[in-house]
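Colleague: The primary structure of each chain is shown beneath.
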Amino acid sequence: MGAIRLEQVTKNFDGVVVIPCVDLDIDEGEFVVFVGPSGCGKSTLLRLIAGLEDVSGGRVVIDGADATRLPPAQRGLAMVFQSYALYPHMNVYKNIAFPLKMAGREPAAIDRKVRAAAQTLNLTEYLNYKPGQLSGGQRQRVAIGRAIVREPKAFLFDEPLSNLDAALRVNMRLEITELHQSLKTTMIYVTHDQVESHDHGGQDRRAARRKRRAGRISP
Amino acid sequence: MARAIPARRRWLLTVLAWAVGLAIFFPILWTMLTSFKTEGEAISTPPHILFFDWTLENYAEVQQRSNYVQHVTNSVVISLGSALIGLLIGVPAAWAAAFAPTRRTKNLLMWMLSTKMMPPVGVLVPIYLLFRDWGLLNTLTGLTALKMLVNLPIMVWMLYTYFKEIPADILEAARMDGARVFSEIVHVLAPMAVPGIASTMLLNIILAWNEAFWTLNLSAASAAPLSAFIASYSSPEGLFWAKLSAASTMAIAPILILGWFSQRQLVRGLTFGAVK
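Residue numbers (the numbering used here), protein chains in the order written: chain A, 1 to 219; chain B, 1 to 276.
Simulated from the structure, these hints should not be mistaken for laboratory data.
Non-contacting residues of chain A with respect to chain B, defined by C-beta distances greater than 12 angstroms in every case (computed):
1) ALA3
2) TYR93
3) ARG115
4) LEU174
In silico DSBU-like cross-links for lysine-lysine, where the CA-CA straight-line distance does not exceed 30 angstroms:
5) B:LYS164 / A:LYS130
6) A:LYS113 / A:LYS184
7) A:LYS94 / B:LYS164
8) A:LYS101 / A:LYS130
9) A:LYS153 / A:LYS94
10) B:LYS106 / B:LYS116
11) A:LYS130 / A:LYS94
12) A:LYS113 / A:LYS101
13) A:LYS101 / B:LYS164
Just some of the chain A residues that point at chain B, by a computed CB distance under 8 angstroms:
14) ALA50
15) LEU52
16) ALA78
17) MET79
18) SER83
19) ALA85
20) TYR87
21) HIS89
22) PRO99
23) ALA103
24) ARG146
As the structure is a computational prediction, the values presented were derived from the model and not from experiment. Ideal placement from N, C-alpha and C gives every residue a C-beta, glycine not left out.
With the rest of the complex left out, here is chain B (with noise of 0.2 angstroms):
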């Protein structure tokens, strides 16, 4: 039988649940009030938190500096991309190692798991190489295929994880009903695990967004997305604090409005089959 939490312990666990939100939150917090401040407010010591001159002045900058509308552009396509043609390739590999299995099904997902473990820093040159013989340089198309073939692992994963929750017996039944390999993802087992799909791919969203390493390595001006974005503002002259923090809310705006919204999917998506 459960147990009531004294009202004064939840109190407490409450106070602490906040600091600890805030905790996490507060470096993005400062990146948002440093972006209303002038330059010389946003290094001064003691730093000023809420009482100071607000300012617009480094939004009305950056958007004058830089092409703000192609870096936000450029960043849908190759998140949006990146994930909708993970997804294509991601449903059908989960699918044969949750439905059609092998002896060797669970070793082959924990190799590709395991190139997750390796620093990125390790393949650099290869890759390098390969995207400019390719002509794959300062590309959307090369930017998409890679961060992709980046994510792919945990797409997989994650939809593996979800598609074992679901009933064999009713993939089975549409096998007798006549229907072959294609029509059972796209009719019974897709439909069924929408919420598990649409996770993964917020997910995976998420993750291509915010991925910086590829994007300044193998970018430069017309494919950069908006990671590129807020590096430009590191110059040799020095860090412009204020001006990097209005483009760095400017890049992180978008995203973090789609994770508010999407919050109860993420979270769904990332602990599905954790508790039965």
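Next up, chain A with everything else stripped away, as it sits in the complex (with noise of 0.2 angstroms):
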């Protein structure tokens, strides 16, 4: 579960070619990091693999069925946003709870699930904390809490360090590798910083960009 297959993917904004044509192949359980500049795709890359973006061209394969028209609900992926997307008005219990929710899940297996993942990410004593009361950090591991309940088929991070504080950034980057090598998920992780993609210790593959040109990968 979890193998993720670009087949000549493409796409434009209004004729302006963002995406020229990507083929990649993901394996079940891989950690993958695009890196490349800022505007060079690699973040629409991203989009089109979760579904918020639709493709102009080609297919996305998500263990084996295609997965191109669907929508991101349906995918079975889960998301961590640069800015971490937390719902404001709900609190972290709430927040970590919402995809289960919409999954139409027990409330009993909703609260075993939501305070196992709050325990995982020493988050159990902010519970019934709004997101604007949680330093970034907290915030950031609520985000990825909200996504490791879903157990979804394969992570996607969007520049989650972003806004962090370079030493914060050193102890949630080994805190995802960890979290890598005790899910054993798929996982994509999208920076433009150099240094953090080679930083990520166990990770298998870099997928390097340039600006609107073809990707290379390296081991």
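Hey, can you piece these two chains together into the complex? The hints should help.
Modeller: This is the structure we're talking about:
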């Protein structure tokens, strides 16, 4: 579970080619980093995989099934946004519980999963806090917790550490790496930081994009 | 760096602001004062501003002659009803314009707004004929529906302007979390947009409450709201200024009170997005 294949995926915005042509195979459980300068299309590529943008051409295949026309909710993926995108009117508990509520899970099961995720991420004492009362690192962990409870086929990280200070960024990188090692779930990580892309110890592949040209994959 | 305004200039600005405020409020103040005068005092020259024989006889007569409670009830039903139904249509419309725009969205929004530039009298005859043929003349249903449609462009624009300020990635996160459009609007967008929705609703209640043109042309007794109640004091015998003022005061009092307590929301809703 979590094998993603991009077959000749292209993306245009009003005739402007943003993604010329991408073929990419991501195996189940792999940690792949998309790295490149701002504006090269790495976040766009991630959004195409997530289903937040429609492809202009090509196919997105998830676990052997064509997911090109599926909406984001039906692709079984979870995304952690650069701005965390937490629901400001919900406390931490409800933020993490939201995807389970949308999936129609039983309240008892929701409670069990939320508390387990909170414990994993050291958020248990913050469950009644609103996002506005949390630090950047805590908000990031809530965003990760919201992704974890869905038990997705793959995690998509869109520059999740960009808004954190340097020291916190180092700690969070380690946490994300440890998360990958414990969950063994496919992870696609987008960053513009070359150092960060190298620093993810154990990451399997880096896909570097130069501006508006086909990417290259390095082991 | 901001400069401190000198005390004298600040004092002058305060006096000027009060003068402008008083000038704007004066017609309402004059109406309220006239409502406590006799008919003779009301048309006396020179006019007496504060020192006259205060009386409540106009209010007593207005209460006797008209069913004030029914008119208030009609106004409340029409204003609230048109605002609520307008929100049910306006919120999804504004969501689509703000978060799922197409190349034609801007043109569509401008077209909606352009309907407000047309004088209502231009469509009075066809609307009247439609109301007559559909049995909607002098009905709360007809007036509610029409006032909702008249104010809908404003509602959609206000909500659209407010929704544009909400970060789109929060709604994208909701989609990734499995929320369909209905859940996205109900569980995420609406709670975040409560101030904007509230100020939109307040403004539209006020607009529907004060609307007189369609009310006078499409309603008679049973469905007449307060704007028709005021107009009934213009009679062939002439204008009974004191009673007219009493009726006007009774008509605008509820909405004045509502506006006073919700002024912060109203100002916020009207100016949202004006300054980044």
